[in-house]
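Enquirer: The lines below spell out each chain.
2 protein chains.
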Amino acid sequence: MKLTEAKAQFISSWGAFGTHWGINRTMAQIHALLLVSPDPITQDDIMEELNISRGNVNMNTRELIAWGLVERVLIPGERREFFTAEKDIWKVATQIIKERKKRELDPMLKLLSQLEQIDGDKKDKNTRQFIETVSGIRKFGGEADKMLDVMIRADENWFLGNLLKIFK
Amino acid sequence: MKLTEAKAQFISSWGAFGTHWGINRTMAQIHALLLVSPDPITQDDIMEELNISRGNVNMNTRELIAWGLVERVLIPGERREFFTAEKDIWKVATQIIKERKKRELDPMLKLLSQLEQIDGDKKDKNTRQFIETVSGIRKFGGEADKMLDVMIRADENWFLGNLLKIFK
DNA sequence: TTGAATTTTCAAAACTTTTTGAAAATTAAT
DNA sequence: ATTAATTTTCAAAAAGTTTTGAAAATTCAA
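Chains as they are written, first to last, in this note's numbering: chain S, 323 to 490; chain R, 323 to 490.
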């Protein structure tokens, strides 16, 4: 397989993959393109490579920046802005975990704690099941939360090198 | 807060939460409803509680069954089918991980292995960056895969009770 | 300043996904 | 076998999301 073909495949699959993870196709594709581009590239490069409009590129690069996965780069002597992506996959994963934890897990855990406080007849089957389910999810989520915190703080070598040996 | 109100909140939030995870809103809401229902319920119960059409319930319950999260239950003397959800959150999580690994991670790792095999000039910056990125993701994905396998096989108490102590 | 290059915005259009609901199929009791 | 209850299917409608593109805003060099 030639590079051009492989690159197209990678970008397209990464885009499809992204949609399963609540990220939109184009945002994932731009990310993929930046991940395999050794040097920073411009809005126009992205527009041309992916055949998408300027507005679309603008919107999605800003979203990638908000996620902490992409950076604007200023190149001396160049008027236009360039973009580049963090290439270290561990850092990419950590960053995504951090953001999703903040945006999704933390608010959910907060809500569940509130929902556990319902005032109701504890002899009622429905009340009992509700409290049990909600607190079960909250406890599980709390453990996951702790675990993710450790991962976010962990050093790559320590984690992948040593921790995963524990699991084997 | 009263049970009815808390239940409505739980269902609605769980639905919104689901959309961030590639699961459709209604499927997640049905799942939430079943999670807090102590006894099996019918299509009509679901239709009424969530205000959705029969076809919608039918489609989404079948999807939940395909994910291994919900079961059809036959109640003696009843003509209609009843549905019930696995209540053990650890099992729910394990099941979801198992399915997503099979549907998403495994095919992605397979593709990445293929893409690493491109024939190209290794002195070319673009080729080098491509191979480096793809193999970086593949390696990381491979570790995640191993880790998830251990989790899937692990016993709840062993995992939550002991493993998480290691992390602290 | 002025004006050309560049980026940003956002309403409307295109596209995608989900939902509906009525007809068809299935099931089980009589 | 017939019938009534129940479930399934699926084309069309509704809802939701993403993309476009042109106008507005910004930036920077001369």
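The set of hints was computed from the structure by calculation and includes no laboratory data.
Among the hints, a few may not be true.
Given that identical chains are not distinguished, each listed pair holds provided it fits within a single copy or across any two copies.
Claimed, not checked - No farther apart than 25 Å at their CA atoms in a straight line, the calculated lysine-lysine pairs in the BS3-like style are these:
1. 468 x 447
2. 424 x 445
3. 461 x 420
4. 444 x 432
5. 447 x 413
6. 444 x 324
7. 445 x 461
8. 432 x 409
9. 420 x 324
10. 468 x 444
11. 423 x 409
Enquirer: The structure should be examined with respect to each hint, and the outcome stated for every one.
Expert: Status of each hint after checking the structure:
In this homomeric assembly, residue 468 and residue 447 never come within 25 Å of each other (Cα to Cα): the closest approach is 32 Å inside a single copy and 40 Å across copies. In this assembly of identical chains, residue 424 and residue 445 lie within 25 Å of each other by CA distance neither inside one copy nor across copies; the values are 36 Å within and 41 Å between. For the identical chains of this complex, residue 461 and residue 420 are neighbours both inside a copy (19 Å) and across copies (21 Å), given an alpha-carbon limit of 25 Å. For the homomeric pair residue 444 and residue 432, the shortest alpha-carbon distance inside one copy (22 Å) is at most 25 Å, but the shortest distance between copies (51 Å) is not.
In this assembly of identical chains, residue 447 and residue 413 lie within 25 Å of each other by CA distance solely across copies; the values are 22 Å between and 46 Å within a copy. Only between protomers do residue 444 and residue 324 lie at most 25 Å apart by alpha-carbon distance; the minimum there is 12 Å, versus 66 Å within a single protomer. Taking the closest pair of Cα atoms, residue 445 and residue 461 come within 25 Å of each other only inside a single copy of the chain (22 Å); across copies the shortest separation is 52 Å, beyond that limit. Taking the shortest alpha-carbon separations for residue 432 and residue 409, only the inter-copy value of 21 Å comes in at or below 25 Å, while the best intra-copy value is 34 Å.
In this homomeric assembly, residue 420 and residue 324 never come within 25 Å of each other (Cα to Cα): the closest approach is 36 Å inside a single copy and 34 Å across copies. Within a single copy, residue 468 and residue 444 get their C-alpha atoms no closer than 30 Å, and across copies no closer than 42 Å, so neither meets the 25 Å cut-off. Taking the shortest Cα distances, residue 423 and residue 409 sit within 25 Å of each other both inside one copy (21 Å) and across copies (24 Å).
When held up to the earlier numbered hints, the structure conflicts with 1, 2, 9, 10 and fits the remainder.
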